[in-house]
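Given chain A, put chain B with the ligands in place with the hints provided.
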Amino acid sequence: MATLKKDPAQEVTRVLERYNRNPARMNEILQDLQDVFRYLPREVLQEVARQTHAPINRIYHIATFYKAFHLEPRGETVITVCTGTACHVRGSYRTLDMLSERLGIPAGGTTKDMKYTLDTVGCVGACALGPLVIVNGKYTGHVTAEKVDKLLKEIGANATASE
Amino acid sequence: MQRLQSKQALEDLHQHLQAAREKTERYISVCTGTGCLANGAGEVLEALRREIDSAGLDVDVKAAGAGLIRGTGCHGFCGQGPLVVIFPEKIFYQRVKPKDAASIVKKTLVNGEVVNRLLYKDPNTGEPILHEHEIPYYKGQKRLLMSANGHIDPKSIEDYIAIGGYQALAKALTEMQPAAIIKEVTDAGLRGRGGAGFPTGWKWADAAKHESKVKYLVCNADEGDPGAYMDRSLLEGNPHSVIEGMIIGAWAVGATKGYIYVRKEYPLAMDNATKAIKDATAMGLLGDDILGTGFSFNIEIARGGGAFVAGESSALMASIMGQAAEPRSKYIHATQSGLYNKPTVLNNVETWANVPLIIKNGADWYAGIGTKTSKGTKIFSLVGDVKDTGLVEVPMGATLREVIFDIGGGIANDRKFKAVQTGGPSGGVLPESMLDMPIDFDNLAEVGSMMGSGGMIVMDEHTCMVDVARYYIEFLSRESCGKCTPCREGLRQMLDILTRITRGDATMDDLALLEELAVVVKEASLCGLGQTAPNPVLSTLKYFREEYEAHILEKRCPAGVCTELIHYEVIPEACTGCYLCKVRCPVEAIEGKPKEIHKIDQSKCIKCGVCMDVCRYDAIKVE
Ligand SMILES: Cc1cc2nc3c(=O)[nH]c(=O)nc-3n(C[C@H](O)[C@H](O)[C@H](O)COP(=O)(O)O)c2cc1C
Ligand code: FES
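Chain order of the listed sequences is A and B.
The numbering used here puts the first residue of the first sequence at 1, with every later residue one more than the last.
The numbering used here puts the first residue of the second sequence at 164, with every later residue one more than the last.
Derived by calculation from the structure, the hints in this document are not laboratory data.
Any given hint could turn out to be false.
[Stated by the list, open to error] Listed below are the simulated DSS-like cross-link pairs for lysine-lysine, each with C-alpha atoms no more than 27 Å apart in a straight line:
1. B:Lys262 <-> A:Lys150
2. A:Lys138 <-> B:Lys685
3. A:Lys6 <-> B:Lys427
4. B:Lys260 <-> A:Lys150
5. B:Lys762 <-> A:Lys147
6. B:Lys260 <-> A:Lys147
7. A:Lys112 <-> A:Lys5
8. A:Lys67 <-> B:Lys685
9. B:Lys493 <-> A:Lys147
10. B:Lys767 <-> A:Lys150
11. A:Lys67 <-> B:Lys427
12. B:Lys770 <-> A:Lys153
13. B:Lys262 <-> A:Lys147
14. B:Lys260 <-> A:Lys153
15. B:Lys762 <-> A:Lys150
16. B:Lys493 <-> B:Lys505
17. B:Lys262 <-> A:Lys153
18. A:Lys150 <-> B:Lys770
19. A:Lys112 <-> B:Lys767
20. B:Lys756 <-> A:Lys150
21. B:Lys260 <-> A:Lys138
22. B:Lys745 <-> A:Lys150
23. A:Lys150 <-> B:Lys784
24. A:Lys147 <-> B:Lys767
25. A:Lys147 <-> B:Lys756
26. A:Lys138 <-> B:Lys427
27. B:Lys493 <-> A:Lys67
28. B:Lys770 <-> A:Lys147
29. B:Lys745 <-> A:Lys153
30. B:Lys745 <-> A:Lys147
31. A:Lys112 <-> A:Lys6
The structure presented is a predicted model; accordingly, all values stated were derived computationally and were not measured.
The shape of chain A in the complex, shown without the other chains (with noise of 0.2 Å):
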C-alpha cells in the first residue's frame, strides 16, 4: 500500500477542528477528510477514532454505511456513470456494461495502474439529460456508444486497457 501524501494526524486534527470535535457532525467530518485524501485510508480513521475518544467500530459503522465513503484508494480519473432510473430506461446500464469491458474493471473496479475508477451514482438531478456519464465532475449527457469512445480517448483511456 502506497504511504500517504498526507499526515493523517494533522489532517484530523484539521477538520475536527472546523466543527468543534462535535461528534453528532461526523458524517461531515468523514466526508471532509475523504476530500483531502480522495478516500478513507485506515491510518485516518484510527486516527480519527483515537482523537474523539470513539470506539473504532463507531467510525467504521458509519463509513461503511453511507454510500459517500470510499475505503479503497481510488483511481485519478473517476468515471461514473448515472444508474437513476431515468437513466436506466435510456439505457444507462449499456453505457455501464461497456465501459466495463473498455476498462476491463467491474462498476465500483480501479484499474491496477491506479488511473480510473468507474463508478455509479443513483440519479443526480439532470435527468432530462440521460444517459449520463460524468467524468472528473464533468456531465456529458445523452451517452451513446460512440460517446463512449470518444470520451475514453479524451481522457487517454485506450480502448485496449484490459488487454
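Here is chain B with the ligands on its own, set in the frame of chain A:
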C-alpha cells in the same frame, strides 16, 4: 446588510426593491439550475455578460440598482436547456450556446428582433413559438412554487423580498397566534410532499401539544428517489421560500432550532441554502428576535452521506445526530420524541415551500385547488422516454395523460407509450389504461402505486417490465440498511428470483414464491423502505403478468431488453450493405463487404445495440 426591525421595515424595503425592479423591466434570465449548467449554461451566462458589457448596455440598468442579466434557478424545462428568457416580453430561447450570445444581444436587445433559430418548435406541428407562456409545456402547468425560480437570483435575498418574500412570515408573526397558523395549514388541506401524504397540520398540532423548551424542525432534502429532483430545484432556485416556510412552522409549533438535511450530491443546493440562511440572519428574518417580535429560531445545514434510507424520517434524525442512518420502530412519534429526544417536526422541502403561500393567500384559496382529498399543486419530474423532460407543476387531480401527452408532448422517437412509474422505488408501474386517472395521493395508492416524492418515469414499448422491477429491487436491496430480516433477506431472495427470470432460468414456481415473498416483505418490514419495496414487483405483476410469463415459459423478452434472452440480427431485405454498423461495432462482431448484406457474429456480439442505433435503414432487429 441592514437589519429589519419590524414588519413595516420589511414592507418599506419591499416597496423600494419592487420599484427598482419595475424601473428595470428589461432583463435576461438565464437558467443556471444543475441540468442547464451540465449543458453549458455557465458559459452561456459568461458570454452574454461579455457581449452586454462590450455593447455598453448594462450601464443604465446598473445605475437603477439591478443587473440586466440574472442567473436563476431551474426553470423546469430541463430537456431544452440551456434556457434564456428575455423579459418583459418573455421571449424564450432554448438550447443556447455561448456563440449565440452575440446575436441575442445585437439582434434582440439592441434591435428588438427575434433570433428565429433559437426559438422552441412545437414538437407536433413544428411551428416556432415566441413566448415562454405559449409553449404547451408551460401552458398546461400551474406553477405556484416553481414560477419564482425563473425570476429571482437564488443568491439574492433582495430578489426574494422584491417579489413579496417574507411577507407571509411577517403576517404570521405579527397577526396570527400559533394555533391559528396550525388551523390555517390544516384547513388548507396541505399533505406532506415527501412520501405518504400525511396531513401537515395534524403533525404540527401534535408537536405543538407537547411541552418542551427545546423543539426541532427538520427539512428533508435528502431526495433519495433516483429520478426525482424537484426538492433540489426548489432549494437551489428559491431557498428563501423553504426557509420562510420553516420559520412560520417554528412559530406555529414553538421550535427553537431547525435543520436542513441535504444530500452530498447536491452541492449547489447546499451553497444556495447556506447563503440564504446567512443573509436571512443578517437581515433579522432568522436568528434572534425575528423582525423585532422577540421570536427566535435558527437553522443549520446537515450534510447527508448518500443513502436512500437516510430519507426516512427516523433514519434521517439518526444521521443528523452523527450516527448511521438506521430507522427505528415508530411506536413513539417524532412529534413527541424525535431529534435528541425532543419534539420534532419533519417535513419535505416542497411541503415547507407551500407554507408561505397558504399563510399569504389563506386556507380557502389553497383548498380551492386540487381534488377532494389532495389540495394544492404537485411538482413532478417528468423523465424517461418522453419528448419534453423536466419539472412539471400541476394542480392535484390533473390526469397522467395531461402531464405526459399535453405537457410532455408524448413519447419520444415516435414510439408507443407502455407504462409510467410514479412514486420512486416505493411506487408502482401503471399501464395505459390508467392514463385518464386524476393524480392524487389516494387514487395512486388505490391502483398500487403512490405519489412518493413525485418522480414520474415514462416508459416506451422498448422497456421490459421485469427488468424495471428487477432494477428497483436491486436498488432497494442494496439500500436496505440490514436492520430487519424481512427487508434484508426477503429483498435479496426476490432479487435472485427476478434475476433468474430475466435470464430465462426461472420456473412458474419461482413466480409464485416471488409473490409470496413480496407479501411477507410488505407486511413484516420495520420501516417504509421494506414496507413499500414490493410495490414495483406487485404492480408489474398486476398489469404486465404476461411479460413475466414470456420470460419464464418462452424464454423470451418481448421488449428486447434482457441481454441473456436477446440477440441482434440483420434483416437481409433491409440491409443495404452501407458499412456503417460494421465500422461502429465496438467489438468488430459484424462482417460484410460494402453493398453486400452484413452478418452479426453472435459469439463476439456484446449486445450493446450500437448497430441498431446507427442503422439508417432499420435493418437491425432484436429477437
Ligand atoms: C425509505 C424511505 C425513503 C424516504 N426518502 C425520503 C426523501 O428522500 N425525501 C423526503 O422528503 N421524504 C422521504 N421519505 C419520507 C419521510 O420518511 C417522511 O415521511 C417525509 O419526509 C415527511 O415529510 P412530509 O410529511 O412533508 O412528506 C422516505 C421514506 C422512506 C420509508
Ligand atoms: S436518473 Fe440520471 S440524472 Fe437522474
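Hints, one by one, checked against the model:
1. B:Lys262 <-> A:Lys150: 23 Å, holds
2. A:Lys138 <-> B:Lys685: 40 Å, violated
3. A:Lys6 <-> B:Lys427: Distance ~24 Å between lysine 6 of chain A and lysine 427 of chain B Cα, so the pair holds.
4. B:Lys260 <-> A:Lys150: 21 Å, holds
5. B:Lys762 <-> A:Lys147: Within the cut-off at roughly 24 Å; holds.
6. B:Lys260 <-> A:Lys147: The hint holds at about 20 Å.
7. A:Lys112 <-> A:Lys5: Holds - the C-alpha atoms of lysine 5 of chain A and lysine 112 of chain A are around 19 Å apart, at most 27 Å.
8. A:Lys67 <-> B:Lys685: 25 Å, holds
9. B:Lys493 <-> A:Lys147: 48 Å, violated
10. B:Lys767 <-> A:Lys150: The given pair, whose Cα atoms are some 22 Å apart, holds under the 27 Å limit.
11. A:Lys67 <-> B:Lys427: 10 Å, holds
12. B:Lys770 <-> A:Lys153: Cα-Cα ~22 Å, so holds.
13. B:Lys262 <-> A:Lys147: With a Cα-Cα distance of about 23 Å, the restraint between lysine 262 of chain B and lysine 147 of chain A holds, given a limit of 27 Å.
14. B:Lys260 <-> A:Lys153: 24 Å, holds
15. B:Lys762 <-> A:Lys150: 26 Å, holds
16. B:Lys493 <-> B:Lys505: Since the Cα atoms of lysine 493 of chain B and lysine 505 of chain B sit roughly 15 Å apart, the hinted pair holds (cutoff 27 Å).
17. B:Lys262 <-> A:Lys153: Distance of about 26 Å is within 27 Å: holds.
18. A:Lys150 <-> B:Lys770: Holds - the C-alpha atoms of lysine 770 of chain B and lysine 150 of chain A are around 19 Å apart, at most 27 Å.
19. A:Lys112 <-> B:Lys767: Answer holds: lysine 112 of chain A to lysine 767 of chain B is near 26 Å, not above 27 Å.
20. B:Lys756 <-> A:Lys150: 26 Å, holds
21. B:Lys260 <-> A:Lys138: Holds - the C-alpha atoms of lysine 138 of chain A and lysine 260 of chain B are around 17 Å apart, at most 27 Å.
22. B:Lys745 <-> A:Lys150: Distance of about 18 Å is within 27 Å: holds.
23. A:Lys150 <-> B:Lys784: The hint holds at about 26 Å.
24. A:Lys147 <-> B:Lys767: Given that 27 Å is the threshold and the Cα spacing comes to 21 Å, the pair holds.
25. A:Lys147 <-> B:Lys756: The hint holds at about 26 Å.
26. A:Lys138 <-> B:Lys427: 16 Å, holds
27. B:Lys493 <-> A:Lys67: 25 Å, holds
28. B:Lys770 <-> A:Lys147: Between lysine 770 of chain B and lysine 147 of chain A the Cα gap is close to 17 Å, so the pair holds against 27 Å.
29. B:Lys745 <-> A:Lys153: 20 Å, holds
30. B:Lys745 <-> A:Lys147: Holds - the C-alpha atoms of lysine 147 of chain A and lysine 745 of chain B are around 17 Å apart, at most 27 Å.
31. A:Lys112 <-> A:Lys6: 22 Å, holds
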